[in-house]
Every structure is written in C-alpha cells, then in structure tokens.
Amino acid sequence: MSSIRIMGCLQILAGILAFVTTSAQADQVIMKNGDVISGKVTRIADGKVWIQPSYADEFGVAAGEVQKMEADLMFEVELAEQQKVKGQFQLSPQGEQQLLVDGVAQALDLTSVAQAVEPEPYFTRTSNAEINATFNSGNTDSQSSLIYADTRVKLGEHRHYANISFRRDETNDIKTKEQDLFNYNYNWLFNRPWFMGGSFTYERDPIKELDHRYTFGLLFGRDIFNDAGRFLSVSTGAGWSDEEQSGISNSGGVGLWKLFYNQNLVEGKMSLFHDHNITYQFYAENNAIFKSNTGFRFDVYKNIYLTTSLRYDYETEPAPNASEDDLTFALGVGASF
Numbered sequence: 016m017s018s019i020r021i022m023g024c025l026q027i028l029a030g031i032l033a034f035v036t037t038s039a040q041a042d043q044v045i046m047k048n049g050d051v052i053s054g055k056v057t058r059i060a061d062g063k064v065w066i067q068p069s070y071a072d073e074f075g076v077a078a079g080e081v082q083k084m085e086a087d088l089m090f091e092v093e094l095a096e097q098q099k100v101k102g103q104f105q106l107s108p109q110g111e112q113q114l115l116v117d118g119v120a121q122a123l124d125l126t127s128v129a130q131a132v133e134p135e136p137y138f139t140r141t142s143n144a145e146i147n148a149t150f151n152s153g154n155t156d157s158q159s160s161l162i163y164a165d166t167r168v169k170l171g172e173h174r175h176y177a178n179i180s181f182r183r184d185e186t187n188d189i190k191t192k193e194q195d196l197f198n199y200n201y202n203w204l205f206n207r208p209w210f211m212g213g214s215f216t217y218e219r220d221p222i223k224e225l226d227h228r229y230t231f232g233l234l235f236g237r238d239i240f241n242d243a244g245r246f247l248s249v250s251t252g253a254g255w256s257d258e259e260q261s262g263i264s265n266s267g268g269v270g271l272w273k274l275f276y277n278q279n280l281v282e283g284k285m286s287l288f289h290d291h292n293i294t295y296q297f298y299a300e301n302n303a304i305f306k307s308n309t310g311f312r313f314d315v316y317k318n319i320y321l322t323t324s325l326r327y328d329y330e331t332e333p334a335p336n337a338s339e340d341d342l343t344f345a346l347g348v349g350a351s352f
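Just so you know, this note's numbering puts 92 at position 77 of the sequence shown, and the rest follows in order with no gaps.
Take every hint as true, because none was put in to throw you off.
Mimicking DSBU-like on lysine-lysine, the simulated pairs with C-alpha atoms at most 35 Å apart in a straight line are:
(1) LYS284 to LYS101
(2) LYS284 to LYS192
(3) LYS47 to LYS99
Each pair of labels, with its calculated beta carbon distance range:
(4) GLU80 to LEU233: 46 to 56 Å
(5) TRP203 to SER261: 37 to 47 Å
(6) ILE146 to SER107: 50 to 60 Å
(7) PHE138 to PHE344: 28 to 38 Å
(8) HIS289 to PHE235: 18 to 28 Å
(9) ALA164 to ASP242: 22 to 32 Å
(10) SER351 to TYR217: 23 to 33 Å
(11) VAL119 to LEU233: 37 to 47 Å
(12) SER261 to TYR199: 25 to 35 Å
(13) ALA164 to LYS47: 43 to 53 Å
(14) SER261 to GLU96: 48 to 58 Å
(15) ALA95 to SER266: 43 to 53 Å
(16) LEU287 to PRO136: 17 to 27 Å
(17) HIS291 to MET46: 39 to 49 Å
Hints were generated in silico from the structure; no laboratory data involved. All values reported here derive from a predicted model rather than from experimental measurement. By construction, the Cβ of each residue, glycine as well, lies at the ideal position given by its N, Cα and C atoms.
Generate the whole structure from the sequences, applying the supplied hints.
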C-alpha cells in the first residue's frame, strides 16, 4: 500500500515539475497555420517577429502570419497610429491576444503593432573606427588616406556624439590635402522628440591655408525618426567662430544647421548613413560652409564591416587659389566596438 502511495506521490511530483518546466519555458509564437515556435521573443521589427529558440540562431517570421504570441519581456510597443506604450504580450484565459499595460490588459490586434523593442537602457555606447586608403603608381604616383572614428553615448535623456577624421593626399610627393576635423554635439531630450544642446567644431588644413577654425554653437532640434531601424535628427542654432586663414584672423557670429540620418537595410546587415552641417559666417566675406558625408556600411564578420562613403565640402568664399568644392570617394574597412 505504501509503495502505491509513493508511486502516486512521484507521479504528482512529476506532473508538478512538468507544469513548472512548461510554464517557465520560453515565449511562444503561434502561427496561423497552427505551428508553435518556442523561444525568446526579442522584438518586432521590419515586418517580422524575431525569436531566439534554444536550438538555433535568432530568426524572424512574417508578422502577418502570426496569429498570437506571449512573451515575458517588457517591450516598448509602437502601434500603427504612432502611439507608444510599454507592455507585455500575453493571452487571455480564452486564448485571445492581449497587451498588458500598467497592470491593465487590453485586446490587441498584432497587425496594429508597427514595432516592439526592449526599452532603451539608461546607458548605451556605440563606436566605429575606419581606415580608407588608395595608392596609384605609373605616370602619376599618388596616395590618399582617410582615418575616421566616431562614438555615440546616451545617458538617459542626454546624448553625446563625436567624430574625428584625418585626411592626407599626396601626388608626385607633393601634399595636396592635410585636413584634420573634429566635431562634438550634445543633446538634451527635454521633451521627446524635442531637444536642445550645443556643438563644437575644430578644423585645420594648411594646404588650404587654414591654420585653424573653431566654432561653438547652441542648438535646438527634433528627432524626426528614432526607432530600431532608423534615425533622423535635425537641429538649428547660432554660435561663434574664430579662424585664421591665409594669415588673416577673423571671428564673429555664425548660423548653424545640422542633420544626422541612419537607416538599417537588409535586416540590419547593411546601413545607409548621411550627415551634413551648414555654417554661415556673419562676418568678413559672409562665407557659407557646407560639409556632408554619405555612404554605406556592409557587415562582413562579427563587428568588422566594409564601408564606402562620399564626402563633399563646399565654401562660397574659399582661400585664394583654393577650389570652392572638394569631393572625396572613399572605400575602406572598419570595426564597431
């Protein structure tokens, strides 16, 4: 009799363990064709529900083919009407799709979800370093090198972005370019998507007879897009500049305009970027300075990528004997860290 009781207890215990194991199992994505995928739901983006099963790499399934899902993570959910909420995907006792927001469950049509990602952490940092070089020999010996690095840091509502580049061009042992350029921008998101902040720029290029150019500014701007797959930010403001060109020193007020854009493509394996800034000097000859950088990055292996970019500089009042514009096409390799 005791052995029967023991066997019964073991069966009950096994049932409890099976229930706990099943409950503690990962999230579930239930497809319209009846398939059930278990794993960890990581995000909804690019028209797909992304899931990380225990037996394979992360992959995405078409969101339109998903009937319902439940996930333990708290997500920042953007609905089709551009409303943003923080909630959890769950199923009602009747098996209907719900979104739990501040402890209140509400019915949800998954097709209304534009994207769902984990809320941004308080601190994030992304950095890149790139090297671009070309060499030609024969009738004309020339070489060109461009070293570039940038970093983006976010601390809550405060964002910092800095980049630095060193460009050196030489033809038949004669230097034709020797540009050093540093940019720093600070944003305070006082009322998303609106921000205010400041900027600092330093540039020198002895070949263009530019000994130095310092520019400080105060900015006011707005994020047009800022989600998992794309970012577009514009800002405008005013500041002060000091420069020495062709042996002549000048300083005075300036107007500023800045734009930053980044778009993930091919499920994040490639990205398109573009940034430009305009500085208008309200002194001397009222010079307008335009600088832009446009290109692509292609993931190669882990954090290594190939890059191609088109850089364009333009000044309405350049130094004597210097061209108004300067166009550079660069190919290189970079790393994210």
